[in-house]
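Novice: In order, the protein sequence lines correspond to chains A and B.
This note's numbering numbers the first residue of the first sequence as 2 and each following residue consecutively.
This note's numbering numbers the first residue of the second sequence as 110 and each following residue consecutively.
If you are wondering where the hints come from, they were derived from the structure by calculation, not from laboratory data.
A couple of the hints might just be wrong.
[As the list claims (entries may be wrong)] Derived pair list, reagent style BS3-like, types lysine-lysine, alpha-carbon separation capped at 30 Å:
#1 A/Lys14 x B/Lys179
#2 A/Lys108 x B/Lys267
#3 A/Lys44 x A/Lys109
#4 A/Lys282 x B/Lys179
Fair warning: this is a prediction, and the values are worked out from it, not measured in the lab.
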Amino acid sequence: MSQTNNYKQPNAKGKFGIYGGKFVPETLMTALTELETTYDESKNENEFLAELNYLQSHYNGRPTPLTYADRLTQFYGKGKIYLKREDLCHTGAHKLNNALGQILLAKKLGKKRIIAETGAGQHGVAVATVCAKYGLKCIIYMGAVDVERQKLNAFRMKMLGAEVIPVNSGSKTLKDATNEAIRDWVSNVNDTHYIIGSVVGPHPYPMIVRDFQSIIGIETKSQILSFEQKLPNYIVACVGGGSNAIGIFNEFINDMNVKLIGIEAAGFGLDTDKHCATLSKGSVGIFQGMKTYLLQDEHGLISEVHSISAGLDYPGVGPEHSYLKDFERAEYYSITDKEALEATVRLSKLEGILPALETAHAVAYLNDLMPRTANDEIVVVNISGRGDKDLNTIIEKIGGEIDDIN
Amino acid sequence: MTSIKNYIEEKNKLGRKVLTIFLTAGYPDPKTFVNLACSFVEVGADILEIGLPFADSLADGLVIQSSYLKAIENNISPAIMFELTKEIRAKADVPILLMSAANPVLRFGLDNFINTSITSGINGLIIPDIPLEEHAEFYNSHEEIDKILLTTPTSSDKRIIKIDQMSSGFVYCVSVAGTTGVRNKFTNETLDNLKRTYGLVTKNKMLIGFGISTPEDIINFKPYCDGVIVGSSVVKRLAENLEYKNAIEFVRSLSDACNFD
């Protein structure tokens with residue numbers, strides 16, 4: 002087993018190689034430093050860790066299972082597929098792992114008002130949930146298009162006591178919700194903590210969110226070792242901002258024989274302009290506080306992007322993914338809307354697991370990967386979330402053809 | 110001493126706080142933009158600040174965001190903005206500043222962007238998402254143009270002192286924590302902060318911006334600055350009223366407020 006222990010990112014300035022950093026208006030700099038200091042103090046503090054661990058076990062339901070997918074494995078007739086079941090987290094996705102950590106930070110920072118952006122609504126629901134639990138005021142920014150296509154989650158957040166503000170600027174999706182959340186933070190920074198939902202934004206967010214999500218990979222490693230007495234050959238996860246992917250990758254980053262594969266959304270296809278495959282088709286830029294790969298036009302304006310899954314519908318990507326791509330530690334491919342829909346149905350029919358449309362992108366990549374695997378090769382797919390929230394979209398797109406998909 | 114700093118110094122000596130007027134490049138349309146810039150100078154604008162449209166600007170409120178979207182619809186690219194600025198430069202002999210998000214600058218190429226800025230008659234750059242921490246790396250020791258940094262009410266004394274050291278041309282003091290746009294009322298806290306910041310900025314001249322919307326605001330702020338920057342309340346008048354006379358008269362009234370009593 003080849004292994005290195007030299008991966009230490011980001012540096013003190015919050016840079017992953019040339020990526021990351023703190024590209025935000027001056028108003029936020031003090032709050033970012035304060036967050037960084039509080040996080041540095043907390044991350045090794047027994048009391049903080051004990052509270053977080055308690056919540057992860059007894060509120061979130063961790064550890065989540067690692068499920069052997071025997072019928073899916075049979076379907077491909079090669080390799081061995083395991084599923085890391087983040088869909089079984091409380092609230093239905095990996096997002097709560099981070100929201101729990103950050104609400105404890107907010108409490109330490111003495112902030113009374115919590116804001117967040119959301120795409121699919123999974124992060125919004127997670128934040129609304131922790132705010133309900135801790136009795137904090139919660140404001141969720143959500144693109145107007147996403148409020149419509151993720152109605153259930155928008156309603157759910159309101160039930161949890163959050164105020165959901167539909168954002169009508171730009172493409173009315175995740176990018177625009179994030180802009181509005183940052184503008185809110187600039188205006189209310191004294192009493193407000195911004196819980197970013199992915200490994201994006203200015204330092205220290207990409208690091209903090211990664212650290213809170215890395216529980217996924219830590220559990221996966223011990224679970225696969227107990228099942229198979231060896232590490233997996235491949236780990237596959239979907240990438241929008243990239244938090245579930247980093248979460249499962251991080252623990253394996255020094256295990257050089259474990260191939261890390263991130264799957265972006267190809268929307269209608271990479272040959273169209275309706276996709277959000279940032280790492281596959283983007284170029285380096287500065288956006289929403291970070292230097293990273295972006296989908297942008299020749300003048301540096303951010304592109305309007307598309308994915309059937311609201312959670313992947315984002316023109317940027319976490320800076321650490323940009324770094325891992327350049328250094329070829331992780332590989333990134335993309336999957337179209339259509340392939341993702343088919344994978345959603347396949348996983349439901351073969352394993353009794355309805356994945357989120359985001360997650361389905363990772364599942365669909367098995368079509369490419371499995372024919373190339375040897376019989377004793379192990380593949381772990383991160384099932385980042387469950388698909389109940391997507392039923393409206395799924396019915397609309399393939400309701401009539403459900404019997405024809407295998 | 111840089112030319113912008115000199116210029117502000119001269120105006121101050123003549124008994125005047127400098128008035129900086131912000132315009133979105135190519136808004137409401139390219140020709141009107143150039144004409145308005147010149148008219149504003151005629152009625153008393155001492156400095157012009159031109160905003161390069163960026164749809165995802167984090168520091169801007171709704172008024173400037175909307176003007177950026179309109180300008181993008183008008184296809185105002187950096188190259189076109191530079192051409193329009195040259196036209197203004199040919200007619201107006203005042204310092205011209207350029208406000209941009211970092212990404213269009215990076216995309217254009219930093220060296221090329223700075224060189225083209227200079228040949229287009231631009232004297233200083235303001236890039237709000239390049240704070241102190243990213244300043245040296247981003248600008249990569251380009252000294253030939255003024256780079257104006259911003260302070261805000263959340264900046265510590267220590268940061269303000271560093272910002273003053275790193276900034277050239279002047280220091281842009283943001284009056285309130287928030288995005289650009291009209292404020293109904295400034296509080297005593299606002300004035301206390303302006304006073305604090307003005308005391309700490311010693312190397313540079315200091316101009317106050319964000320939320321200034323009336324001659325009275327300028328009169329209140331006068332003791333704590335060397336000049337002011339007005340944006341949204343001008344752009345708002347352009348958006349609401351096709352009689353640009355209204356905006357021009359407004360600038361004249363701001364200019365009158367900038368003179369010492």
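Novice: Evaluate each hint against the coordinates.
Specialist: Okay, the hints, checked on the actual structure:
1. Proposed proximity of A/Lys14 and B/Lys179 is contradicted: the alpha carbons are some 37 Å apart, above 30 Å.
2. As the CA atoms of A/Lys108 and B/Lys267 are separated by approximately 27 Å, the hinted pair is consistent with the 30 Å bound.
3. Distance hint between A/Lys44 and A/Lys109 is fulfilled; the C-alpha atoms sit about 12 Å from each other, no more than 30 Å.
4. Taking the CA atoms of A/Lys282 and B/Lys179, the gap is about 28 Å. The hint holds against a cut of 30 Å.
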